[in-house]
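Residue numbers (my numbering), protein chains in the order written: chain V, 1 to 569; chain X, 570 to 872.
Hints listed in this document are in silico derivations from the structure and should not be mistaken for laboratory results.
The beta-carbon is built from N, C-alpha and C at its ideal position, and this holds for glycine as well.
One thing to keep in mind: the hints can contain errors.
Looking from chain V toward chain X, a few residues come up when the C-beta cut is under 8 Å (computed) [claimed, not checked]:
#	residue
1	90
2	158
3	376
Here chain X is said to cover these stretches of chain V; the calculated rule only asks that three of the stretch's residues, wherever they fall, bring their Cβ under 8 Å from a Cβ of chain X [to be verified]:
#	segment
4	17–28
5	93–106
6	315–327
Cross-link-like lysine to any residue pairs, in silico, SDA-like; alpha carbons within 20 Å at most [said to hold, decoys possible]:
#	chain 1	residue 1	chain 2	residue 2
7	V	357	X	835
8	V	447	V	137
9	V	357	X	870
10	V	447	X	868
11	V	477	X	805
12	V	477	V	410
13	V	447	X	805
14	V	357	V	209
15	V	477	V	488
16	V	477	X	870
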Amino acid sequence: MVDPEYDVVVVGAGGDGPVAAWKLAEAGLSVLILEAGPFHGNEKWPDPHGDPGAEASSDVDDLSGELLDEQFTTREFEMVNQLFFGPADEDRGIWTRKFPGDGAILQCAGVGGTTLHYTGCHPRAYPAAIDEQGHWPIDYADLLPYYRDVEELCDVQPAPVTAKEELFFRGAAAAGWELIDEMNVTSPGYRPQPNAIRRPDQRLHVDGDYDGEFTYPDVTGHTLGLGEIAGNPHPRGAPFEEKAKRASNVSFVPAAMRTGNVTVRPNAFAVDVTTETPLGDTPTATGVTFRDTWSGATTTVEAGVVVLAAGAIETPRLWLNADLPDEEWVGRGLTIHFGDNVMGLWDADDLETTLGKPTVDQHEGQNIAARFDYPGLGMLQTVGTTPGVGAILGFGASASGFAFQHDTEDAPWDTMGRLAGPDLKRLLSDYRRMLPVLVVSDDRPLKRNGVTVQNGAEDEHGPIPLVNYTPSEADRKRRDELAEIAAEILREAGASHVHRADSPPTALHLHSTMRMGKVVDEACEAYAVDRLFVADHSALANGVGGPNPTNTGQALAARTAERIVERHF
Amino acid sequence: MTRGGVIHRVRTFLTAKVSWLRTVGRRVLGRTHGASSPGDLHARVTFRACVDAVIPTTPELADELGPEHVPGGNDVEVAEFLGVYVDDRVQIGLPNIRRDVDVVKPIANVLDSAALKLIARGDNEDEPNEERPVAFFEGTDVSADRIRDVAGPFARLSPRDRLRAIHVLDEIEAKITLPDGRFVEFDGGLVGQLVVGFPKLIYYSEWDGYPDPERMPFGQDHPNDPASVQGWQQTGFPGFTNGYACLRGYLGTEDGTLGSEDVWTTIDDHDGPPVGLFASPGRFRENEYDTDGYVEPYPEGGA
Numbered sequence: 001m002v003d004p005e006y007d008v009v010v011v012g013a014g015g016d017g018p019v020a021a022w023k024l025a026e027a028g029l030s031v032l033i034l035e036a037g038p039f040h041g042n043e044k045w046p047d048p049h050g051d052p053g054a055e056a057s058s059d060v061d062d063l064s065g066e067l068l069d070e071q072f073t074t075r076e077f078e079m080v081n082q083l084f085f086g087p088a089d090e091d092r093g094i095w096t097r098k099f100p101g102d103g104a105i106l107q108c109a110g111v112g113g114t115t116l117h118y119t120g121c122h123p124r125a126y127p128a129a130i131d132e133q134g135h136w137p138i139d140y141a142d143l144l145p146y147y148r149d150v151e152e153l154c155d156v157q158p159a160p161v162t163a164k165e166e167l168f169f170r171g172a173a174a175a176g177w178e179l180i181d182e183m184n185v186t187s188p189g190y191r192p193q194p195n196a197i198r199r200p201d202q203r204l205h206v207d208g209d210y211d212g213e214f215t216y217p218d219v220t221g222h223t224l225g226l227g228e229i230a231g232n233p234h235p236r237g238a239p240f241e242e243k244a245k246r247a248s249n250v251s252f253v254p255a256a257m258r259t260g261n262v263t264v265r266p267n268a269f270a271v272d273v274t275t276e277t278p279l280g281d282t283p284t285a286t287g288v289t290f291r292d293t294w295s296g297a298t299t300t301v302e303a304g305v306v307v308l309a310a311g312a313i314e315t316p317r318l319w320l321n322a323d324l325p326d327e328e329w330v331g332r333g334l335t336i337h338f339g340d341n342v343m344g345l346w347d348a349d350d351l352e353t354t355l356g357k358p359t360v361d362q363h364e365g366q367n368i369a370a371r372f373d374y375p376g377l378g379m380l381q382t383v384g385t386t387p388g389v390g391a392i393l394g395f396g397a398s399a400s401g402f403a404f405q406h407d408t409e410d411a412p413w414d415t416m417g418r419l420a421g422p423d424l425k426r427l428l429s430d431y432r433r434m435l436p437v438l439v440v441s442d443d444r445p446l447k448r449n450g451v452t453v454q455n456g457a458e459d460e461h462g463p464i465p466l467v468n469y470t471p472s473e474a475d476r477k478r479r480d481e482l483a484e485i486a487a488e489i490l491r492e493a494g495a496s497h498v499h500r501a502d503s504p505p506t507a508l509h510l511h512s513t514m515r516m517g518k519v520v521d522e523a524c525e526a527y528a529v530d531r532l533f534v535a536d537h538s539a540l541a542n543g544v545g546g547p548n549p550t551n552t553g554q555a556l557a558a559r560t561a562e563r564i565v566e567r568h569f
Numbered sequence: 570m571t572r573g574g575v576i577h578r579v580r581t582f583l584t585a586k587v588s589w590l591r592t593v594g595r596r597v598l599g600r601t602h603g604a605s606s607p608g609d610l611h612a613r614v615t616f617r618a619c620v621d622a623v624i625p626t627t628p629e630l631a632d633e634l635g636p637e638h639v640p641g642g643n644d645v646e647v648a649e650f651l652g653v654y655v656d657d658r659v660q661i662g663l664p665n666i667r668r669d670v671d672v673v674k675p676i677a678n679v680l681d682s683a684a685l686k687l688i689a690r691g692d693n694e695d696e697p698n699e700e701r702p703v704a705f706f707e708g709t710d711v712s713a714d715r716i717r718d719v720a721g722p723f724a725r726l727s728p729r730d731r732l733r734a735i736h737v738l739d740e741i742e743a744k745i746t747l748p749d750g751r752f753v754e755f756d757g758g759l760v761g762q763l764v765v766g767f768p769k770l771i772y773y774s775e776w777d778g779y780p781d782p783e784r785m786p787f788g789q790d791h792p793n794d795p796a797s798v799q800g801w802q803q804t805g806f807p808g809f810t811n812g813y814a815c816l817r818g819y820l821g822t823e824d825g826t827l828g829s830e831d832v833w834t835t836i837d838d839h840d841g842p843p844v845g846l847f848a849s850p851g852r853f854r855e856n857e858y859d860t861d862g863y864v865e866p867y868p869e870g871g872a
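This is chain V alone, in the form it adopts within the complex (with noise of 0.2 Å):
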């Protein structure tokens, strides 16, 4: 049940709005969570994409593992499809948005937000981007605490190896880079991913000889069978949280539930932040309005303070379409991590003399376990991907066309652009000997990059976010240079085929179309509207330099959350 006023409303319970919501509940303050998408693995919700089912979750008994089993099948086609940014009714379509350029944007709607579909990567963000690039008003030591809270409560440990990541570290090793062992990173250099993963047990060692099941509690940990794209219910049989990806929907709400304080509203689509102007200057903000996904009802639940945590497209969307303040940088300066695929393949040959065995075996162990990082530039990632989606993004998407319409003779790559016909059926054909390597650039907030909307172009909530992303020159060599090493660090792993997909503007990590230093100051309160709060990747800066942006918006929403209480309570 919802009650008419809490002490904070938190606006979305994608990563970081729980985060806050933990935080500020553990200060014993009163918080509403609304979230536009559903509620997997909880026994209110017994059929979240069929049915209404009930109207809002505030005991952590409710959450349910057999529940998150039943429903994350782990199935690609199915799991995309189900998590992707749309209302809970299955029978209805994803919401609307204009994507940016011929790319796209990947993000989920739910309990857990893009924390459902992301692989666990938790590193921090490169030093240098926070202190150096000139973005920030504050420094990345003012991170460290939140940081080691955040990573002690999601378990967040250097990612197992299996044959893929072997293959990656070998090739990063004799491309004479070295290994960093470190959390805080300055320098180039190849590690294990910092994983937000329970490690898999012992006995599922290679040479093991392990026969039993890969469910709990035969083994606790990741089962090594890939699955956080879909979701990853693993290991099945398990408590909901002994789940070993600790997504936000298994790590902090849980945590924000326990408290007691705590109220989960799915199926929520926040359409207004409500304000008052007692003293005729700036508006403080008393509530929010949001429209049931379901029924179309809209509800106004009063609040102390509002927290945006919709994430970098829904929080200023909200802004531009309530009636805020018109600041000029709202909704601007998005990074996207302007990225590309490049991917090698191997003889079998081969790979049974690096390997000892002929085949990589990609669905094999968890998705994104190896990386390579470049401060001032970004980083390199491995992507175990099953077929179908390894197919799209390595081979489906091109700002260059087709292979067959390159002449790659002195590129480090053999084949640029989409590939299509018998070349892709070969190519594929090879799936079990094949390694993608996602590039992930540091691209920079450009005031021209973000998020507008337009009467007119609208859905049920409103106007439809318009987003639009062009890199700069600057961008671009960053990614190319990336690409250049990732295509070498492949060479000299022994790969016979290196193939560059050269991807349109994908939007996996989405951030800072609501900076600190812009629109927020530095507790991440409005400038123009008091007590309206942002905890999500909008707030940041930059892009944290290129490593996944999860850990940063964490920190940084658990940083907002104590500067809340500080400032209001």
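Got chain V sorted already, so can you dock chain X onto it with the hints?
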């Protein structure tokens, strides 16, 4: 010009693009079809032409890779499901295209217009042929005469020329900067991503193993048997599993904090302490850091 005037122009521009998507092919072809639907034969022929170009039937791969690599997307009706998928689930991201508006037919018409543009430029390498689309329906009960009657110029192109026509759409870009610095862009490459990317996602996923592949998978059981999914047979994907015993260890060095206990194998022993795979992960080092020496490799606005 006032800001309102500029916004009006942008809105008009975007709306015009939608209108263009809906109607340009129809105008060019001088043809008016009824209400669009996934079952519309012109759209179906055009989508089959896309699938044939992207994931073709390949008898030539039988000797090279094996007989399981011969069937293509049209053998399992990817094009028909693509129509359902695009219309029911996907908004192509443009204003004023809402869920209740079909987009399959406009996309088919846009592909025809791209084909005509390719031909007009003389960039097609093969002559269009009205028999090509007939071949997409081999083994079905759709009459050859009916296919010849409705097939547009895109479906008559050779496979490579169809891909070239799709690339023609990649060239369509528009960017408008507003006086306040915001800008709005449109990219015709979105159409290509839909008709090239989505068939690959569908075909190589678990999709054709569902008992009813004509509808979305929600609520359907799946046999999870590689033999039941044509794409899995061609990639060697073994199906979904609860796990694998494939752990090799944890990266680290004997004198560092990463990696501990026994070494399983050595990764690098060139310079410095050997890097290997250890039985336990160890931990990352909470290091002191110094960013004073940071050099910007590619400064914004730099060369």
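Cross-check of the supplied hints:
no.	hint	in the structure
1	90	holds (5 Å)
2	158	holds (4 Å)
3	376	holds (5 Å)
4	17–28	violated (count 0)
5	93–106	holds (count 12)
6	315–327	violated (count 0)
7	357(V) <-> 835(X)	holds (17 Å)
8	447(V) <-> 137(V)	holds (18 Å)
9	357(V) <-> 870(X)	violated (48 Å)
10	447(V) <-> 868(X)	holds (16 Å)
11	477(V) <-> 805(X)	violated (36 Å)
12	477(V) <-> 410(V)	holds (18 Å)
13	447(V) <-> 805(X)	violated (46 Å)
14	357(V) <-> 209(V)	holds (16 Å)
15	477(V) <-> 488(V)	holds (17 Å)
16	477(V) <-> 870(X)	holds (12 Å)
Figure legend: structure checked against the earlier numbered hints; hints not met, in rising order: 4, 6, 9, 11 and 13.
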